[in-house]
Amino acid sequence: MREMSNPFAPTAYEQQKARTARVMEYVFLAMGIALIIPMLLIIGVIFVKGWPALSWEYLTANPMRGGAAGGIWGPLIGTFYLTVLCLLIVAPVGIMAGIYLNEYAPDNRLTRAIMIAVTSLAGVPSIVHALFGLGAFVAAMHMNKSLLVAAATLAVMTLPVIITSTREALAAVPRNFREACWNLGATRWQTIRTIVLPNSISGILTGVILVVARAAGETAPIMLTGAVASMWVEDEGWAKFTPYRLDEQFMAMAMHLNSIARDVPGMPESMKFGSALVLLLLILTINSAAVVLRLYLRRRKRW
Amino acid sequence: MSLPPAAAEPPKAAVPTGDGKDAGAKARAAERRGGRATFRGEMVIEFLIRLCGWSSIICVAAIFYFIFQEAAPVLPKMNWGEFFGSVTWRPTSAEPRYGALALIVGNFAVAIVAMAMAVPLGLGAAVYISEFAGPRVRETMKIAIEVLAAVPSIVWGFIGLTIISPLLIKYAGAELGSNLLNGSVILALMSVPLIVSISEDALRAVPDSYREAAMALGANKWEMVRRVLFPAARNGLLAACMLGVGRAVGETMAVLLATGNVVQIPHSFVDPIKTLTATIAAEMGEATPGQPHYQVLFLIGILLLVITCAINVIADFIIKGAKAKANA
Chain A
2 MREMSNPFAP TAYEQQKART ARVMEYVFLA MGIALIIPML LIIGVIFVKG
52 WPALSWEYLT ANPMRGGAAG GIWGPLIGTF YLTVLCLLIV APVGIMAGIY
102 LNEYAPDNRL TRAIMIAVTS LAGVPSIVHA LFGLGAFVAA MHMNKSLLVA
152 AATLAVMTLP VIITSTREAL AAVPRNFREA CWNLGATRWQ TIRTIVLPNS
202 ISGILTGVIL VVARAAGETA PIMLTGAVAS MWVEDEGWAK FTPYRLDEQF
252 MAMAMHLNSI ARDVPGMPES MKFGSALVLL LLILTINSAA VVLRLYLRRR
302 KRW
Chain B
77 MSLPPAAAEP PKAAVPTGDG KDAGAKARAA ERRGGRATFR GEMVIEFLIR
127 LCGWSSIICV AAIFYFIFQE AAPVLPKMNW GEFFGSVTWR PTSAEPRYGA
177 LALIVGNFAV AIVAMAMAVP LGLGAAVYIS EFAGPRVRET MKIAIEVLAA
227 VPSIVWGFIG LTIISPLLIK YAGAELGSNL LNGSVILALM SVPLIVSISE
277 DALRAVPDSY REAAMALGAN KWEMVRRVLF PAARNGLLAA CMLGVGRAVG
327 ETMAVLLATG NVVQIPHSFV DPIKTLTATI AAEMGEATPG QPHYQVLFLI
377 GILLLVITCA INVIADFIIK GAKAKANA
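Keeping their order, the protein sequence lines are chains A and B.
Counting from 2, one number per residue, gives the positions in the first sequence under my numbering.
Counting from 77, one number per residue, gives the positions in the second sequence under my numbering.
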C-alpha cells in the first residue's frame, strides 16, 4: 500500500533552511548571553571578595597609611562634594542649552554647528578633558589644582550628556501643547515655563541623574586637576563633614580606587575589593534611580 | 540632521503700550507695570538661554585653544619624523627622545583587538534583542547592558588588574597579567553596550514593511536578517562600530591599569603595551609645566582629540544620513 504523498510536506531544502534559521537564533542568543555572563561573574566576584571589608567603621573612618588601613570616609565625602559642585555648574547651563536647541534654535548653519559641537564634545576622551582642565584653569588662569577646578573640568565633560537628554525630554512634549498655550496669548518663555518644563521634568531629571553617575565614576579628568591619592583630613566633629576647601586638593572614591588598585604594601585584598564594591554600588544605585524615574515617566505619560 | 519642527513664531511678549488715559487706569497701570517687569525678565532669561545654547561650541573651541596653547612652544622644535616613526620614548633621560610610534601602534592594537571581540558580540546581541527576543527577555537584556554601561572605567581597570590578570597568567601563558589581551577584553566589555544600543536603534529604524515583504516572499527570520535587515541598516551598524572604536581609542583608566605600560610594539597577544592615553595619565604627574615633556604630552592630547573627533563626527553623519534615508 502506497502512502499518499503530501504535496505540502517540507522538502529537504526547506527543512535545511529552517534548521539554519533555528541554529542562528541560538547563536544570536548565545552572543547576548556571552555579554551578560561575564558581567554577572565580575560583579559577583567583587561582591564576594569585597563584602567582608564593608562595615560601618570602614565607611566612616578616614584612610590611613596611604589607604592601606582605616576606611574610605575622606574619598567618599570628596566624591559627594565633587559631584554636587559639578552639578551646580553643569545643570543650569546644560538645561538652558537643551531648551535653546529644542525651543529657540532655528534650523540654520549655526544650530547645525552646535549639534556637531555637542557630538564631538561627547566623543572627547576623558584624558583630553583632563588636559583641558590643566591647560585652561591651572596654566592659563593660574588656579590651584583643586576641588573647584576638578568640578569645572567634569562639568565640561558632562555637558553633552545633559544637553542631549534635556533636548530629548523637551522634544517628547507634543507640539499641540505649545500651540494651545500660544493661542491663549502666552509668550514663548511663559509657554516653556508653565507647559513645556512641567511636562518634561522627569526626563530632564533622568539626564541630571546620569550626569551624577558619570561624574562620580570618572577618574582621568580629576587625577590631573586636583584629586590626590591620599592626604590628611580633619577627623573630629563637624569638620569631618566639611574636610575640603574649594581651592584645595581633595580625595575621591575613583582616585582612591586607582591608587590602591596597584600594590599598596600590607593592604588586605578585601579592602581593595571593598572600595571597588562601594564605588560600583554607588554608581549602580544612582543609575537605577534614573531607570526607575524613566519607568515611572513612561507609565504616567498623559498623551 | 533632523531638528524638531522649527517653532512657528509664537506671539511676542505682550507689552501693553498706550499711556492709560482711559477710565479704570489704575488697575490696568498696575497690570502694565507687571507686564513690563515680566517682559524685562523674559529678555534676560531668553538672553541667558541663547548664551547657554552656544556653550557646547564655546567648550569645544576652548578645549582646542587651551590644549594647542600648552603644546604650542614645542611644535616648531618637534622632530616629526621621530615622533611618528621611532619607538624610542625616553622623555625623562638627559637626551630626551619622543618617538611615539609604539604608543600609537599600542593604542590602535588594543582598540582593534577589542573591536574584533566586541563587534560580532554586540551586533549579535543587538539582532537578538531587536528581532528574536520576546518583550520580557528584551527588557532583561537591555537592563543588563545598561548595567554594563554604567560600570566606571576605573572599576573596569581594577577588574582587569585583579581578576582577569591572574586568569591570563594561568591559562594563556602570559608572563605579565597586564597585557594587550587583558586590555582588549576590558575594552570590549566597555564598548559593547554602546555598540548594542546604536545597532539596535539602526535595526529599529528599518521599516516593518521591509520585514513583511521578506516574510511574504517566504524568507525565514535568519534569511530576513541576513538579506534584508543587514543591508538596510548597514550605515547605522557601521556607525555603531565606529563609535565603539572611538570609545576604545580614547579610554584611559582601564588601559592604564590593564595593559602593563611597556613601550613596545606588541608581537603577540600577551605582550604588555602602552597607549597614548595611558602615557598622558601616567606621566603628566611628573612632567614640569613649560618643559618639552609636558608640551609633548599635550601634543599627544591634540593627536587623540583629532582622531576621536573625526571618528565621532563621521559616525554621526552616517547615522543622520541613514535616518534621513529611512524617513524619506
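FYI, nobody ran anything at the bench for these hints, they're computed from the structure.
The beta carbon of each residue, even a glycine, is placed where N, CA and C say it ideally should be.
Mixed in with the good hints there might be a few duds.
With a straight-line cut-off of 27 angstroms between C-alpha atoms, the simulated DSSO-like cross-links for lysine-lysine are [unchecked claim]:
id	chain 1	residue 1	chain 2	residue 2
1	B	297	B	218
2	B	297	A	18
3	B	396	B	218
4	A	50	B	246
Just some of the chain B residues that point at chain A, by a computed CB distance under 8 angstroms [stated by the list, open to error]:
id	residue
5	124
6	148
7	203
8	233
9	374
10	380
11	382
Note to self: Hint by hint, where does the structure go against what was stated? Just the numbers, ascending.
What the structure shows: Hints 6 and 11 not satisfied by this model.
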